[in-house]
Amino acid sequence: MSAVPLARRRPRHNYWLSGVAILVSIVVFVIPFAFIVLTAVKDRQQASLLDFSWPDNFQIVQNFIDVVKARDYMLIIAFVNSTILTVASVAIMVVLAAMVAYVLQRRKSKWNVLVNFLVLSGLIIPPAVVPTIWVLQKLGLFRTMPGLILVEVAFGISFAILLFRAFIATIPRELDEAAIIDGASPFRLFFQVIFPLLRSVAITVIVVQSVTVFNDFVNPLYFLPGDQNATVQLTLYNFSSQFTSQYNLLFMNILLITIPPLIMFLFFNRRIVAGLTSGAIKG
Amino acid sequence: MTTTIHAQRAHHGEGTGSTAPDKRRRKKSPYPSWFYLPAALIYGALFLVPTFASFYFSLTRWTIFDSHFIGFDNFVDFFREPALVSGLTHTLVYAVVTSGLKVVLGLLLAILLTSQIVGRGYLRSVVFFPVLVSTIGVGLTFTVLMNPEKGLINESLNLIGIQGPGWLTDPDFALISVALVDVWKGVGLATLIFIAGIVSIPQEYLEAAKVDGASSTASFFKIVLPLARPATVTVIILSLIGGLRSFDLIWAMTRGGPGFTSDVIASVIYKQYQAGFYGLSTAGNVILFLVVTALILPLYWFLSRKEVEL
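Chains A and B, in that order, are what the protein sequence lines are.
Under the working numbering, the first residue of the first sequence carries the number 651, and numbering increases by one thereafter.
Under the working numbering, the first residue of the second sequence carries the number 4, and numbering increases by one thereafter.
Hints are computed from structural coordinates only; laboratory data are not their basis.
From the three backbone atoms N, C-alpha and C, an ideal C-beta is built for every residue, glycine too.
Be a bit skeptical, because a hint or two may be false.
Cβ pair distances, simulated, as ranges [what the hints assert, rightly or not]:
#1 B:Val99 to A:Gly669: 32 to 38 Å
#2 A:Ile710 to B:Gln166: 32 to 38 Å
#3 B:Ile67 to A:Asn766: 42 to 48 Å
#4 B:Asp173 to A:Asn766: 43 to 49 Å
#5 A:Ile710 to B:Leu51: 46 to 52 Å
#6 B:Asn161 to A:Asn766: 51 to 57 Å
Just chain B, with the same shape it has in the complex (with noise of 0.2 Å):
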């Protein structure tokens, strides 16, 4: 590109172009490349730079200011410490969870809400209104709803004769619990994106499909299914790659705890940042990186795949 700009220049023999030039004989683009220098600049210093400087600063002990080259120590002890290497376990069952249910959910609401019945603009709405919604507030009215004795949701429960679990203070529950809050706020998002989905299906195959005698179970499986793949894909991917780095609403509710047992990589991240372990901080970003990279990718490149064959 700049080549191209060089060479012109050279053609017209000026060295600076600073000089007014005739303007119908110069032949610049008329979508000239520095378009892309303000964002490249801001994207370059704080994005990249960042990115690649991370690969590096992994492999130190690092204090912003000083750092020193350590080798593979920080992931060594990264993977030796119990609660870190549970915080990997804890984001992959984390993003898996919360990816699964809003697909499923997504999908089975995104079909109710496409259909006849009464008050589907209000159900729109209400499903997708807390998509917008601070995570914050949204975390911390969930952790006033989900307290063990006085909160709303096991006084619900125990009206039926339940006894509900301490959703956030039993070790076994926390982690779901939040998952499930996860989902609560951003199910909407994937209902919207299926129903784009499903509205683009022409109605004319449900017809013949109709016509053809097909049962609504079968022409949901071979056409409703398969051809709200883009959808469906689009869905896996956004919330996979929400569900790893989440960090937010796990912060809110939880901070990791009771233990370390809803720990993910991101709060590790933070921790080990604000106890100024800043090398070990970086070896787990560029764990998130490796993990996120090494799942989107492969899943990416498979589900687009298999649109091709259909």
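Same shape as in the complex, but just chain A (with noise of 0.2 Å):
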């Protein structure tokens, strides 16, 4: 039935099918961003009671000043900590899958396939959490942000591969040669005239691969545990046990929590679409 107003040319609007969605669309998606918000502002009581309700007195300023402060400042320590992880691990990864994607999408050799095999591998394998643990440990670098940032650049780089190396086909060869005829070595070649190509692509995994990275849960909470190198998402873990009488904090450090991602959902809507749609086409 919904698929009537696909095979329809003109633009007629389904009026009723419409008025559905979108009310359909408010009370599933729109209703529990606005709870978080609205209990995000309410007073310490009024947020206990867990309802859906229009704040008595609004308490931004004071709920964001209590968060802020809470333990020591820990939000603020933990802000500083998930954007250095963030910015040096998509960094890192754009500059390291950049150059993997250029020499396999441009050199044919034997060895293709292998590193094809193991870009895939990287998407479906579940990392095996302890032994990456027994690794950094024997590398001196579990507890260590930087050991965390490899961590995030191992196991994010195969995505940004795949990406890069679909846009890097549509570069053509003869800018290569030209370059090259024109003297410039292989490091300057890809450095300095294919790499400032990739610019939209390039756009495309910093922002997918930031909020991954940001969101991330899972991979602090093994290689990088201890209350001082806490990035946003422990802390919110750690925080939802310590202020179960005190929604409001819980909710306001949600709301924080969520406006990066929000930004860059509102300036890089299409790169973010663009990137995760990229592999549905080809399959």
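Using the hints, put the two standalone chains together into the complex.
Written as structure tokens, this is what we have:
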């Protein structure tokens, strides 16, 4: 029944269906977010009722200050840590993935089969947790930020390589040849000729992977435990047991953590969509 | 690859290659294989080595510093302990339920959102946004909404005279409740992939079918569904992989409880790790690896083969 409008050429709006869809979307998707916002600005007593109601008195500033101050400004430390983690791991990921994708796409060799296989494995195989800790321990990187950054790079690079490879395939080889004739070294060819052309796909990779790393809970939980190193997702999780009677603060925390992805969404909606659906057509 | 470089060096008669050679005569590939190196080091050390090591360590009694080979005892323990075995079945139920619902709802939503309806941009945004939100945040929010006495969901159900279940406290419901929240959060991605698939179908096919008098149901089943197959395959594979590995949502909402009724392999791995049973935890990892590959590889092969036949 809902396939009807698809075959229709003239834009004739189906108002009845639209009304139902919008109504359902408000109940299912908007109300939970409204609930977060409303609870975040309530006072403590009203928030503990857990109901969906208009706040009696707005405590935005007070709740914000309280949640930031909680446990010696833990949230600030966590935001700093998460920012370092996200920026560093995504930066490394973008450069290394572009290098791999470039050689993988351009150079035909017997290694391509293996590299492609490894890239796909990285997408499918669940990482072995404790052995990773073991390796990090041997390298002296367990419980350190550099260790976690490298872990995020290792687990996220496959997806980045796939996106870059698909894009590099659209860059004509004549460009490489021209640069080579002009005497560019392989290093310069890549970093000064090819890499700048990857801007649009690089933005996609950056946006998608930043959101992923920023929202990551499992890897910090395993590889960077401890309060001093906490990332925002870990602090949120820890707050949830501490704030059982202070739902206004818990939801203020959730609200604050939702803001960075929201900004990404508002500015880069198209990029995100392009990145996440790139595999859909080819399969 | 390395052999060709050696061969070239031998040809030039230079041992180290560090002395500046004649640039025009050197025929090195402009696509140097050392570009693989930094990524390969990180990926190899932190992904490949642990993956291979997991097969060995799953056969040991292990405290990070010192391992003791005990054969298949960890696996025997795993399958003897009902709480752990149920983790395996829960994982399968969770993965099948979430990916099944994501395929069906995602396809319906995609058809809706590619049709002529008012507020299409708004609807697409609102369906997709939860994908980008922190899983822990979503989990905690829905834990509150699903509160059996005070939660918004049961309050609303009360208004229309339905006594809602204890979503997360009732052993029969806990796993399914978490799975439903997973669908809520993830259906936007499935929808997006289906939309991309549907948009790529040439309009002429649908027009031709219409001219030939095909009903809309017929053109859905005979045109849209078969041609959106790559999208369907992507959604199934992606959501199955995600569902089988799922940990953070379950951990944020129930921690595997009540009892062990919503434990999955990933949460068992974490619990055994916390308890210090590193060998057993790693055995859980190996089991997860086997489950994932045993499901995904044949499925992928089967689904993409069908595609060729079409």
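How the hints compare with the structure:
1. The given range of 32 to 38 Å is respected by B:Val99 and A:Gly669, whose C-beta atoms sit roughly 34 Å from each other.
2. Taking the beta carbon of each, A:Ile710 and B:Gln166 are about 36 Å apart, inside 32 to 38 Å as hinted.
3. About 34 Å separates the C-beta atoms of B:Ile67 and A:Asn766, a value inconsistent with the hinted range of 42 to 48 Å.
4. Distance hint check: the CB atoms of B:Asp173 and A:Asn766 are about 46 Å apart, consistent with the given range 43 to 49 Å.
5. Range check, A:Ile710 to B:Leu51: about 49 Å between beta-carbon atoms, so the 46 to 52 Å window is met.
6. Our hint of 51 to 57 Å for B:Asn161 and A:Asn766 holds, since their Cβ atoms are close to 55 Å apart.
Hint check: a violation occurs at hint 3 only; the rest are consistent with the structure.
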